[in-house]
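Residue numbers (the working numbering), protein chains in the order written: chain V, 41 to 183; chain P, -4 to 135.
Since the hints were made in silico from the structure, they are not lab data. Some hints could be false.
Claimed, not checked - Computed, partial: chain P to chain V, Cβ under 8 Å: (1) Phe8; (2) Gly30; (3) Pro35; (4) Arg59; (5) Thr101.
Claimed, not checked - Derived DSS-like pairs (lysine-lysine); straight-line CA-CA distance at most 27 Å: (6) Lys155(V) <-> Lys52(V); (7) Lys26(P) <-> Lys45(V); (8) Lys95(P) <-> Lys44(V).
The beta carbon of each residue, even a glycine, is placed where N, CA and C say it ideally should be.
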Amino acid sequence: MERKKLYFEDVKEGAEIPVFEVTNLTRTDIVKYAGASGDFNPIHHDQTFAEAARYPTVFAHGMLNAGFVSKCLSDYVGRSGLRRFKVRFTSQVWPGDTIACGGKVIKKYEANGEKRIEGELYAKNQKGETVIQGGFVAALSSR
Amino acid sequence: MTMHIELGKIREFARAIKDDNPVYFDEQYAKKEAGGVMPPPTFTMTQSFWDEGQGHIELGLDLRRVLHGEQEFEYLRPVYAGDTLTARGRVSNVEKRPGKRGGEMTLVTLETEYKNQRGEVCLYARSTIIETAKPVEKKD
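Chain V extracted, bound-state conformation (with noise of 0.2 Å):
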């Protein structure tokens, strides 16, 4: 279960964060998520409230997306050199859909004693529409 730790002296800006792909989205993830977090808007799992609403079918919550989003980053910078995770929601994600997280690095620089970086962060679906446009700052171990 070992991962590769992320230095920063190994990172240059413009690198490129792994991408991290969903394949498939199904109700039932959406359910999931329902679950996990208690987010039980109905218009995420209620065909008949959806369709009242003037949707075709129900869409994931906005936050299942980040969730993705928040996988793809911690599996590059680690989850405890998170200092900031900030999305913006720009298209709603189907049933079906795929979903490819990534994002790259913008900047290195030091603050509050910590060496850190800072990025971009994008979800897009299989039309290659943005559903997600994101930024964070981590920090980072020095060698």
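Dock chain P against the given chain V, drawing on the hints supplied.
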């Protein structure tokens, strides 16, 4: 509002977001890597489970027309399984904007501060909720 950071809930949440990081599942690894099992970055979204009827802000928004616009987390100190967090929320901004697809939108920003059992501020969460004038239509 007080939330107990429970190991089982951390793992349920990590599975829901398809995050297999051993920092949530392997206590020995987590201790070495992070000082203990930490919750996933967006875990405080579970706070509705800990609502005791205090600290919860009733926004009176129409759920059929509500969208989550933005979410931001600022992490000041680590949180571990076994910690107890106390949340205090406030509406930090309200604004109206013309929308592209759904008429006039109302944007409400909520800021929540989380302190641990020692009274130290561990994180801030800022949510921007959008209420559209009519439901957003699916694009094809």
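Going down the list of hints, with the structure as the test:
Restraint check, Phe8(P) versus chain V: the minimum CB separation of about 5 Å is within 8 Å; hint holds. Interface restraint check for Gly30(P): the shortest CB-CB distance to chain V comes to about 7 Å, inside 8 Å, so the restraint holds. Hint on Pro35(P) holds. Least Cβ distance to chain V is approximately 6 Å, under the 8 Å limit. For Arg59(P), the shortest C-beta to C-beta distance to chain V is roughly 4 Å, which falls under 8 Å, so the interface hint holds.
At its closest, the beta carbon of Thr101(P) sits 16 Å from a beta carbon of chain V; the interface hint therefore is violated under the 8 Å criterion. Our distance criterion of 27 Å between C-alpha atoms is met by Lys155(V) and Lys52(V), whose separation comes to about 13 Å. Distance hint between Lys26(P) and Lys45(V) is fulfilled; the C-alpha atoms sit about 15 Å from each other, no more than 27 Å. Proximity of Lys95(P) to Lys44(V) is assessed by CA-CA distance (about 44 Å); at most 27 Å being required, the pair is judged violated.
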